[in-house]
Amino acid sequence: MTVRNIASAINDGLDVALSGDDRVMILGQDVGRTGGVFRITDGLLEKYGSERVVDTPVAESGIVGVGLGLAVGGLRPVCEIQFMGFSYPAFDQVISHVSRMRNRSRHRFTVPMVIRMPYGGGIGAAEHHSESTEAIYAHTPGLKVVVPSTPADAKGLLLAAIEDPDPVIFLEPIRLYRAVKEDVPEGPHRQEIGPARVERSGSDVTLVTWGAMTRETRRAADTLSEDGVSAEVIDLRTLVPWDRETVFESVERTGRLVVVHEAPLTGGLGGEIVATVSEQCLYSLLAPPKRVTGWDTVFPLKRSEEHYLPGVDRIVTAVRKDLDG
Amino acid sequence: MPRRDPSTPEGAVESLRLMWTIRRFEEAVEELFDRGQLHGTMHLSIGQEAVAEGVAAALETGDMITSTHRGHGHTLAHGADPATMLAELLARETGYCRGRGGSMHIADVAGGNLGANGIVAGSMTIAAGAALAERMKGGDRVTVCFFGDGAANEGSFHEAINLAAIWDLAVVFVCENNQYGMSMASDKGTAGGSVAKRADAYGIPGSQVDGNDVVSVFETTLEMVRRAREGEGPSLIEALTYRYRGHSKSDRNLYRTQTEIDDWRNLRDPLDRFEGSLLESGGVETGTIDKIRGEVRESIRDAVTEAFAAPPTTVADLEGAAYA
Ligand SMILES: Cc1ncc(C[n+]2csc(CCOP(=O)(O)OP(=O)(O)O)c2C)c(N)n1
Ligand SMILES: [Mg+2]
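Residue numbers (the numbering used here), protein chains in the order written: chain F, -5 to 319; chain W, 20 to 343.
Just so you know, these hints were derived from the structure itself, not from any lab. Heads up, some of the hints might be wrong.
[Stated by the list, open to error] Calculated cross-link-like contacts (lysine-lysine; reagent style DSSO-like; alpha-carbon spacing at most 30 Å):
#, chain 1, residue 1, chain 2, residue 2
1, W, K207, F, K41
2, F, K296, F, K175
3, F, K175, W, K207
4, F, K41, W, K268
5, F, K41, F, K175
6, W, K268, F, K296
7, F, K315, F, K296
8, W, K207, W, K156
Using the sequences and the accompanying hints, generate a full structural model.
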């Protein structure tokens, strides 16, 4: 075990993957000497050389499209996009091709590739540097979508994603990169894609969240416990396929559901989760499920960012309303 | 008629003032950032002043520009007010976009600046569209599209220039080749030897200029703007220059040497060179130069004060601008 933050855990995961499997390679802008915008690939060029850690020009469609060609050709590319907001020039490749190759070829093609993207707000930068548009990827059949919120999960899920036979969108919460530390297992530590993680057990209300919002939601749950409210916090960590059973089981016990995400409300995954729970657990529900989310607008500049992002106050207020209602 | 002609003594004084304005503006921004008063990420154009000014000087009032993430210089040279720009950067209601766009999305629509752009190559097709709109309205305004050497390798570069070329649009594409796109050296990331050469493939004029020589940039642009205005179609200019500062504030400069930076700064600085040539030709006196520097320093200081005094943005209408 080594104590690591999320950035270091992902770096370690990449290192393990590169050393354990010759087919693994990294492609992205500034991923070589510079180590990428967030220094996630630090030291890997020096260790594995420029054929396996490939600095590309600014060309997202090229990075992802070439990644697809590599994957179809039997390699295991890990593409880095500098910020989630810069993944849109690659939409055509991701949505038209990466996600569909398997279905289109009835399993004759497989696309074992990972597209890593730092995502989410809280770093003082507007628009493309802070957004959270996971719902677009989750809505696209053929893609898996993974979002760790702890260092051990970051490494474990990354290694599972690299080994997965299907394309995985791997979202890295920027705000947490260096904010949390814990013991991370050495070597090939894997965390299965799919199962959620119960961040905190409780019996009065189920709070479902992921990514950087896990920390806020946990804090809200701690605040609520001071008033005697016992909130369960579930960190989904995989958005596709998401762990329905863990959520259903929890809601059936608590009777209440609040989903927290930083993406805008409309069309966000909160709607999907609330709808699924309503279909499956209607008779267990004691109150209408709620969503605490970002606003239906573009991610703002620093001054308004605290307002945009769900924080402890908004989560606590939503839970209290749910309990009263 | 161009706005200013840096090859004449009167025009040179104006151009020098603008170049100093850009430099001092960027230094002020850097200081605000370092003091924690500006947030997010910050791309400075120190060292690239001659490109912004050489191009903008060749335009007429009413002509349009599209800009990039490194756009403060373009915006100033195209006539923006430093205090209003700083208000935008500092998220004040008096900013060009009411403090909601910030450094990378500043636009001065009334002044013909269609906007900086946080997406690399993001403005290239927009420039083509603006030029098409101008033609459909029967106007003769020209659009200049600034972009970086890194942007030349995004797919949009090709789509935009191809469309402009097949439709003979009045766009001058200006590649500001500051040698790097983040850590990627332009000559490593760009096939074909140069961006300017790619013009051949589209059948449009392409030329490479010394981007640290404001008069060369001006003269080349003037000709490209003339042909665009007279309906002869688009063109591509590649201005060779250099960024002194890191890509953004977090850059550790691992991809280049200090000697390289020092050489550009000490031997090829656009301000030094312009002042040197003006003094040599006798067009401008030392006293005038000192006066310009002093006035600019003061005006930027005042602009900072003015911007700070403006009312900060509030969250009240956060959702108010997503739709009409
Ligand atoms: C589509 C997209 N990808 C990546 C980025 C991150 N990024 C910002 S500037 C930049 C380099 C651009 O290089 P260049 O066009 O040469 O402009 P310069 O920064 O040198 O002025 C990159 C990769 C971005 N803003 N947009
Ligand atoms: Mg560049």
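Here is what the structure says about each hint:
1. W:K207 <-> F:K41: 21 Å, holds
2. F:K296 <-> F:K175: 26 Å, holds
3. F:K175 <-> W:K207: Roughly 38 Å separates the two Cα atoms, so the pair is violated.
4. F:K41 <-> W:K268: 27 Å, holds
5. F:K41 <-> F:K175: 25 Å, holds
6. W:K268 <-> F:K296: Holds, because 16 Å separates the two Cα atoms, which is no more than 30 Å.
7. F:K315 <-> F:K296: Roughly 29 Å separates the two Cα atoms, so the pair holds.
8. W:K207 <-> W:K156: Violated, because 42 Å separates the two Cα atoms, which is more than 30 Å.
Checked against the numbered hints given earlier, the structure breaks hints 3 and 8 and satisfies all the rest.
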